[in-house]
Amino acid sequence: MAETPAGEGRRIVRLDSADDPRIADYTDLTDVRLRLLREPAEGLYIAESSRVLRRALAAGHRPRSFFLAEKWLDGLADVLAAHPDVPAFVGPPELLEEITGFHLHRGAMAAMHRPAPVPVAQLLAGARRVAVLEDIVDHTNVGAIFRSAAALGIDAVLVSPRCGDPLYRRSIRVSMGTVFQVPWGRLDSWPGGIEELRRLGFTVAALELAEDAVDVDELAARRIDRLALVLGTEGAGIAPETLGAADLAVKIPMRQGVDSLNVAAASAVAFWELRRR
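Using my numbering, the letters of the sequence shown map in sequence onto residues 30 to 306.
Don't read these hints as lab results, they were simulated from the structure.
Every residue gets a Cβ at the ideal spot worked out from N, C-alpha and C, and that includes glycine.
Among the clues, some could well be false.
Stated by the list, open to error - With beta-carbon atoms standing in for the labels, derived distance ranges:
(1) Asp276 x Asp114: 46 to 56 Å
(2) His134 x Val298: 29 to 39 Å
(3) Arg306 x Gly89: 26 to 36 Å
(4) Asp241 x Asp114: 55 to 65 Å
(5) Asp114 x Ser289: 45 to 55 Å
(6) Arg228 x Pro113: 42 to 52 Å
(7) Asp241 x Ala106: 31 to 41 Å
(8) Arg252 x Ala88: 45 to 55 Å
(9) His134 x Asp246: 19 to 29 Å
(10) Glu240 x Leu124: 50 to 60 Å
(11) Ala106 x Asp276: 26 to 36 Å
(12) Asp241 x Ala87: 14 to 24 Å
(13) Glu123 x Arg306: 48 to 58 Å
Take the sequences, apply the hints, and build the full model.
Given below as structure tokens:
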């Protein structure tokens, strides 16, 4: 591995081997279980694609390093020049694939410093619409919900202790980087966190097809000032303990014999209906 100058303010490190410990952040990216353990513990996450890493930087997140093929250097010249002390690891596509475990075709990647957690009370200061993700483990759904939250007026997102990582690279990619736009935090306990939401002045509504659930448009008509909407895990839906602790259940009326929507699709409908007016 050789470090070579490539213009003022650009620290380029050209790769010739997959064994260098300086690229450990990018190894075994296809091993989901390993990465979900490593990344939070090591205080990092991976931003995949030029667009996503630009959005991360625009949100004020700090890069640890960049990782890209030679052909993407010019397209990221401004980013590299703005971070002259951050190494940019550059190599041929086949070597990058050997390191990461997949073909890197979205321009570039960056290993980013994971932002410090923000206390829930601070995170929700001024918030009026909050989404709570209960044990949603599919990272595609997590990312899609964040994209809808950013687009449809959700002020913050809270995730339960067992929920998937919003900063896992698939979540980030599906969200199109909007996970950096919506303040979010992980609750220490659930459904114990409902009491904290209530103390902060939120009405807690669980999105579930319960017998006593009110229609989402009926809830919207109540014009509740501070509303926290709980979205349940894939398949099982909201846990009985959560339903018992929530202030009410809310449902999206279904037609044609369909009894449910994918949680990401349901979130978009509910966010739109329950937006602040």
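Against the structure shown, which of the earlier numbered hints fail to hold, in ascending order? 7, 8, 9, 11, 12
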